[in-house]
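Enquirer: Residue numbers (the working numbering), protein chains in the order written: chain A, 1 to 104; chain B, 1 to 103; chain C, 1 to 57.
Calculated directly from the structure, the hints in this document are not laboratory data. Heads up, a few of these hints could be off.
[What the hints assert, rightly or not] Distance windows between CB atoms, simulated: (1) Glu2/B - Glu78/A: 38 to 46 angstroms; (2) Ser30/C - Asp49/A: 26 to 34 angstroms; (3) Ala82/A - Glu73/B: 38 to 46 angstroms; (4) Ser30/C - Pro79/B: 24 to 32 angstroms; (5) Pro79/B - Ser83/A: 37 to 45 angstroms; (6) Val35/C - Ile76/A: 29 to 37 angstroms; (7) Thr93/B - Ile76/A: 40 to 48 angstroms; (8) Gln50/B - Ala63/A: 17 to 25 angstroms; (9) Glu48/B - Lys55/A: 36 to 44 angstroms; (10) Asp99/A - Lys17/C: 28 to 36 angstroms.
Keep in mind it's a predicted model, so treat the numbers as computed, not measured. Backbone N, C-alpha and C fix where the C-beta goes; we use that ideal spot for every residue, glycine too.
What follows is the residue order along each chain.
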Amino acid sequence: MSKSLGIFVTNPDQFKHVLGITKAATAKGSSVKVFFTWDATLNAKKETDFPELCKLADVSLCADSYKNMGYDVEDIPEGLEASKMGTQAQHGIIIEDFDCYLSL
Amino acid sequence: MEYNKVCLMYRNKDCTIDGIRSALGLAVENMYAYGCVLDEPEMEKFTELQAESLEMLRDMEGDVFATKASNCELNDLTPITIEEIGEKLRDMTHIIPYGIIKA
Amino acid sequence: MKILNVYRSEPDNTTKKLVEIVGRDREVDSFDLHVDSPDYDALVDKIFVADQTICWW
Numbered sequence: 001m002s003k004s005l006g007i008f009v010t011n012p013d014q015f016k017h018v019l020g021i022t023k024a025a026t027a028k029g030s031s032v033k034v035f036f037t038w039d040a041t042l043n044a045k046k047e048t049d050f051p052e053l054c055k056l057a058d059v060s061l062c063a064d065s066y067k068n069m070g071y072d073v074e075d076i077p078e079g080l081e082a083s084k085m086g087t088q089a090q091h092g093i094i095i096e097d098f099d100c101y102l103s104l
Numbered sequence: 001m002e003y004n005k006v007c008l009m010y011r012n013k014d015c016t017i018d019g020i021r022s023a024l025g026l027a028v029e030n031m032y033a034y035g036c037v038l039d040e041p042e043m044e045k046f047t048e049l050q051a052e053s054l055e056m057l058r059d060m061e062g063d064v065f066a067t068k069a070s071n072c073e074l075n076d077l078t079p080i081t082i083e084e085i086g087e088k089l090r091d092m093t094h095i096i097p098y099g100i101i102k103a
Numbered sequence: 001m002k003i004l005n006v007y008r009s010e011p012d013n014t015t016k017k018l019v020e021i022v023g024r025d026r027e028v029d030s031f032d033l034h035v036d037s038p039d040y041d042a043l044v045d046k047i048f049v050a051d052q053t054i055c056w057w
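Full structure from sequences and hints, please.
Expert: This is the structure:
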C-alpha cells in the first residue's frame, strides 16, 4: 500500500509543483492532503487548476491568511467545501497523521 | 510517546509574522515548535499581540531565534548563528524553509 | 537516517551551509525542482523512501 503524503504550502509560486506532485502521488495510490497558508492561499483564487487539485486531494487553507490576503472568508474558492476553510490545526494533522511530509 | 520537533525558517520579512503564527499553531498541537529568522530580513517591531504570541510559544517550550543581532534586540528573539541553527535542525523531525527568499 | 533535499531554486551559501550540517554523517539524496519539467513521479518515489524530506527555498 502506498504511503500517504501531506503538503504544506507557504510559497505562492509553487502551485504547478503542488499539482504535479499530487498527481504523481495519487497515481501511485497515495492519499494526499494539502494545506495552504499565508500568501499561498492566493492560489485558491488565482490558479485555474485549483478545483482540479481539490478533486485529487484533501485540500484546505488557512482562513485567517485568506482574510489577510483581502478575501472574504464567506467567498469560498471554487472546488473547496466551506468546512475546509481551516486553521493551522490542519498543518498539525499533516505532521501527525501522514507518512511523508513536504513543504513547498 | 515521541513528540514531533518542528523548525520553521524565515528569510522574508513579509512572511515572518505568519511563520511564527504557524509555529505557535503547532505548539498548541503538542509539538515542540521553533522559528528562526535567518540573516536577510530586517524585522519590524512586534505588536503587543505578536509579542504575546512569542511569549506563549516560549511557555510551551518553543522559541524563536534570529541570526541578526538587531532583530534579537528589537523583538527579544534568541540569538543564534547559522552553525548553531544547523546543529539544532539535526534534532528536528520536520524542517520547514518557509515562504520565499526576499530581503 | 535518509535525508532528501529538494531545491526550489539554486541553493545560496546559507542553504548550502545548513544542508551540509543537517546531512553530516547521514545518507543524503537530492532533487532539483527548479528545472523546466521536473520528474514528479521520480520525486514522489524519493519522498516515499526518505526518512525526512526538506524542501529548501
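Enquirer: If a hint holds in the structure, say so; if it doesn't, say that too.
Expert: Structure-based check of each hint:
| no. | hint | in the structure |
| --- | --- | --- |
| 1 | Glu2/B - Glu78/A: 38 to 46 angstroms | holds (40 angstroms) |
| 2 | Ser30/C - Asp49/A: 26 to 34 angstroms | holds (27 angstroms) |
| 3 | Ala82/A - Glu73/B: 38 to 46 angstroms | holds (44 angstroms) |
| 4 | Ser30/C - Pro79/B: 24 to 32 angstroms | holds (31 angstroms) |
| 5 | Pro79/B - Ser83/A: 37 to 45 angstroms | holds (42 angstroms) |
| 6 | Val35/C - Ile76/A: 29 to 37 angstroms | holds (35 angstroms) |
| 7 | Thr93/B - Ile76/A: 40 to 48 angstroms | violated (33 angstroms) |
| 8 | Gln50/B - Ala63/A: 17 to 25 angstroms | holds (19 angstroms) |
| 9 | Glu48/B - Lys55/A: 36 to 44 angstroms | holds (43 angstroms) |
| 10 | Asp99/A - Lys17/C: 28 to 36 angstroms | holds (29 angstroms) |
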